[in-house]
Amino acid sequence: MAEAALRTVPLDKARILHWLQTYGVYAGVALLLVVNVVITPHFLSAENFRTQAVQVAPVIIVALGMALVIGTEGVDLSVGAVMALAASVTALYLGYGLLPALLVVALFAAGVGLANGALVAFVGVQPIVATLALMVGGRGVALVLLPQLEDLRNPSLASLGSGDVLGVPYLILIAAGLALLVAFVVRRTTFGRQLLAIGDSRPAAQLAGLPVRRVLIVVYVVCALLAAVAGVLATARLQASDPTSLGNLMELSAITAVVVGGTPLTGGRVNIAGTVAGAVLIQLLTATLIKHDLPPSWTQIAQAIVIVCAVYAARGRGKR
Amino acid sequence: MTATKTDAPVAPAGRGKQPAAGEPAGPARSERVSALVQQHGALAVLVVVSLVASFSFDSFATGDNVGNMATSSAFLAIVALGMTFVIITGGIDLSVGSLFALGGVLAAWGSRHGTLVALLLPLVVCGAVGVVNGLLVARSRLAPFIVTLAAMLGARGLMLALTDEGAETYLIGKGSFLAELGQGTTFGLGNPVWITLALFAAGAVVLRRTRFGQHVYAVGGNEDAAALMGAPVARTKILVYTLSGVLAGLAGALNAAWLASGVTILGNGMELEAISAVVIGGTLLTGGLGHVSGSLVGVLLLKVIQNVINQIGSLDSSYQQVVSGAFLAVVVVAQTWLGRRRQLM
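Sequence lines, in order, name chains A and B.
The opening residue of the first sequence carries number 1 in the working numbering; numbering runs sequentially from there.
The opening residue of the second sequence carries number 1001 in the working numbering; numbering runs sequentially from there.
Simulated from the structure, these hints should not be mistaken for laboratory data.
Where hints are given, some of them may not hold.
Claimed, not checked - Example chain A residues on the side facing chain B (calculated, C-beta under 10 Å, incomplete):
1. 33
2. 111
3. 114
4. 123
5. 140
6. 297
A quick note: this is a predicted structure, and the numbers were derived from the prediction, not measured.
Glycine is no exception: its CB is placed at the ideal position from the N, C-alpha and C atoms.
Please take these sequences and the hints and turn them into a complete structure.
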């Protein structure tokens, strides 16, 4: 009986595709883990897992916001610039203490998010162009505020970046907490429902009387705030503010994580667990290639192939 | 009423002056004004900025400065030309920055095997990446944004693999034909400028006067309608992505010839600059509307702003990003507003 069942399943193309769409990213992560346990020495050490998790935490946080934006059928290219902006503003206001600095960072990030959201919701500009403008301008502002790398000496910032609870770094705890929060918001709140409805069909959501503009603006503000959190955490880990290179290509990593995680670019669906797994998958892939002394060029090519495969597998999903 | 709405995007060339039956003259005129501002607003701004700059800075309107600006604009302009075709079909090509870098490295690497290899290799390889982009977009119906994003990563990876992870810079020998093509001047202007002008003239003719050009507009205006009319939608899309790849490779090769080496760190963020230039030039990202001359104006405007900021010695170059970003935002807001007005008319 079991053999018969096994034999019929592979023939069923649609079912395989469906399975791949839902669980492909987890299978990928599991596969990479198994492969690494076999071929990579010292892979199973706690230290290694810690390093990988700390490296992937900022990407996860940014990707959470990106997943929300993509759920509304938008995209936010300005997240990398917001990270840079957060880094330079942190450096400027750290003299007043960590908390005031964080408040000012939040203010700046909310400003960028508001601008993005207003352009998309009120003016009706396509998200990709609106956020492109903020991406170019945002990094410019970050560099105007702080032209070059600056070392930061602040004990509370240092402990935020490298401290831990029971051996689990703050970075990981924050990323995990935010992931749970965002997943809860998407699944269990009115706001989450409205967000998905807008992504499904904006005209329909409008006709149904949903506050389309308000939801869109809030989504872009939340995305910018999450990017700012990632920027502050990355800065805290580096112990230096580096607006020139911090967050470069982050928008692409975040979009990759979201898409590989099974959230369609066409909106109306958000898969938070998949997004986290997508970020982990790319991180593990990169780490595997680096640990086996393959050059970074291979990593990029491999990443490109993973993206295309993931999108190809997700292709049929929009039609159902 | 809806006649004007569908008329404008699909057939901007021949039938411009054909108001729908019974439409009063007033709205038609204001619609024409809107269209004029949308298509030539960037040109007006370019003229104003250039005039103000030449009165404010003695060194702006000199032959040297204009020549330098023209040459440094040429490479971005060639990339923007391909991007214009892609955007008019309603797509987007994020891979051009990487292809620009790849094209430069391939040209420099190939120059040791003769001029023909140096010129053909970048065009063939970058064109092949463009074909793959086009196939995935047109045949597999994947989103252009994500396909070309993957191509962007892949092409940069390929470029790094060719150059020993960016450590190796191939040089182009002095006195070779390739170096002459990039560095020489004809009638006082750099050769890349002439090549760019020739390409834009050809691009304008292709877009306006050929069957392929009409298909490009039709696909961007309404893909389903284009397919029902019998336009080869998939073939058109594959062709525009190929064209974009080839042009990006050519721009990279010319730039390498100009610099006499295949510099590996070039092209980062170039796709966004090219998209900005195309959008500023009046091409709509929704597709179906736009023309190549606007993109040329957009590129020049970006470069003039950059030059002006360099002339103001006290401002460092990061202000250029702030100004470009703000300018792009203003342009898209104005365009969206004008576009909405035209639709309401």
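Against the structure, the hints:
1. Restraint check, residue 33 of chain A versus chain B: the minimum CB separation of about 23 Å is more than 10 Å; hint violated.
2. The beta carbon of residue 111 of chain A comes no nearer than 13 Å to any beta carbon in chain B, farther than 10 Å, and the hint placing it at the interface is violated.
3. Interface hint status for residue 114 of chain A: violated, as the beta-carbon distance to the closest one in chain B is roughly 13 Å, over 10 Å.
4. Annotation: interface hint on residue 123 of chain A holds; nearest CB of chain B at approximately 5 Å, less than 10 Å.
5. Hint status for residue 140 of chain A relative to chain B: holds, with the closest Cβ pair at about 3 Å, below 10 Å.
6. A distance limit of 10 Å between C-beta atoms decides the matter here; for residue 297 of chain A the minimum to chain B is near 3 Å, and the interface restraint holds.
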